[in-house]
Amino acid sequence: MKTYYDPEDLKKFATISEYQPNLAKKFFDYYGEVFEEGALTAREKSLIALAVAHTVQCPYCIDAYATDCLEKGSNEEQMMEAIHVAAAIRGGSSLVHGVQMMNKVKQLSM
Amino acid sequence: MKSLLASHNQLSDTFIQLQVLNSADEKVTALPRFAEKLQDVRLYPLKPLTVNTLQVNIGKMCNQTCKHCHVDAGPDRREIMTKETMMECLNALADTSISTVDLTGGAPEMNPNFRWFVEQITNLGRKVIVRCNLTIIVANKKYNDLPFFFRQNKVEVVSSLPYFTSVKTDAQRGDGVFEDSIKALKMLNDAGYGIPGTGLKLNLVYNPSGAFLPPAQAGLEADFKTELFRRFQIKFNELYAITNLPISRFLDYLLVSGNYDAYMEKLVASFNPHAAENVMCRSMISVSWDGFLYDCDFNQMLDLKIGNQSSRHISAFNAGKLLDREIIVNQHCFGCTAGAGSSCGGELT
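Residue numbers (numbering that gives the first Met the number 0), protein chains in the order written: chain A, 0 to 109; chain B, 0 to 348.
Do not take every clue at face value.
Here are a few chain B residues that face chain A, going by a calculated C-beta distance under 8 Å [what the hints assert, rightly or not]:
| # | residue |
| --- | --- |
| 1 | F211 |
| 2 | L212 |
| 3 | P214 |
| 4 | A217 |
| 5 | D222 |
| 6 | L227 |
Pairs of lysine to any residue, SDA-like flavour, derived with a Cα cap of 20 Å [said to hold, decoys possible]:
| # | chain 1 | residue 1 | chain 2 | residue 2 |
| --- | --- | --- | --- | --- |
| 7 | A | K71 | B | E118 |
| 8 | A | K71 | B | G209 |
| 9 | B | K320 | B | P47 |
| 10 | B | K265 | A | A65 |
| 11 | B | K140 | B | K167 |
| 12 | A | K71 | B | K265 |
| 13 | A | K10 | B | P31 |
| 14 | A | K44 | A | E70 |
| 15 | B | K46 | B | H273 |
| 16 | A | K71 | B | A221 |
| 17 | B | K126 | B | K200 |
| 18 | B | K265 | A | Y59 |
| 19 | A | K10 | B | K126 |
| 20 | B | K265 | A | G31 |
| 21 | A | K10 | B | A261 |
| 22 | A | K10 | B | S269 |
| 23 | B | K141 | B | E118 |
| 24 | B | K265 | A | F34 |
| 25 | B | K304 | B | N21 |
| 26 | A | K71 | B | N271 |
| 27 | B | K167 | A | T66 |
| 28 | B | K200 | B | N271 |
These are calculated hints, taken from the structure and not from any lab test.
Note that the Cβ used here is the ideal one computed from N, Cα and C, for glycine as well.
Using the sequences and the accompanying hints, generate a full structural model.
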């Protein structure tokens, strides 16, 4: 079945450099450095990436960081908790705008 | 669960396994050959550096049937080493300066001559490592004193424990294995194993419970130490993180689960030249239950006998000739050179 997303395309990520090599190089160098051990461990960064992947709903990133989290030593409970953090922020960000709605309603109402 | 052999799975034939590894499938043949990768880093032909360990597989009989077992061991396997072959191992050892004998299986303790063999090796002044699956210690009363037997002979114990929770452990090693493993670890601790100052080493082995590479060993060891102590007050010395090689039951799992191609691609993409320099086959010889010699336990399970024609059996063991051999390599060897590398003693880099 043909779909917009092909898992094989993830392996071709580096080919984006074909059309803009300089920008791609800058991006991949930056990307690589971001995920190195730093003030945060590589394991923590991988969990953050997994959570963000769910927020931006990128199937490539979800596959990549589900695998990476396991290979960095995270377990299933930790991975699901990270996704709940993303979901809580995402849900919270909708709900907190409820205050803006209330402000507008109160402004319009007698 | 039965062994591949007992369930008449075609992968019980090593020829079929090698056919899959060198498959006509387009994707896999597009992968570079392991020998080519060694050539690129000037390590081909791969030669030994020394022979300091004799790893002896004293039988395929086991009380467990783990899903990833590269030996295809289990209760239905009957192949075990005879006392005569053990004598040949002892004769070979006496003529060499090999310092360590690494006993494996199956469950090596199920061989009726296991204790005699350990004592004889110890009498030769060699260090003995036993790859103990833990549950054998509580499987039957006659094995309950194993921790004390190990202690008497200053055996180093190396035991698999895929995780510090039951779900992951039992998924890989069978229902109830985690609970029995914890009981056995407590018995080993009670005998002094893993306790600082006793000199009695208890090392654990982590294998990934699926088609992914193991995490960095140091961080994982720290997690295991914290969690096993917090949950069960268990102590141990080191954790070895070992990659699952694509042979035998793990190969079957990869094929059935549809993970084979991606796993092989990952192993190849993660080829680490520094790990290749230090692969365990460069410092050991593996002996099968029937006395044949191999470059490692994985080659043994693929029946890839040692290249040197004049020293292929323990009865004709010749350390000098074995040092001059070319190590047999194939596509499964990518498992030992991926990432931080993998050996029976964990990471290689």
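Looking at the structure, which of the earlier hints fail to hold? 4, 6, 7, 11, 19 and 28
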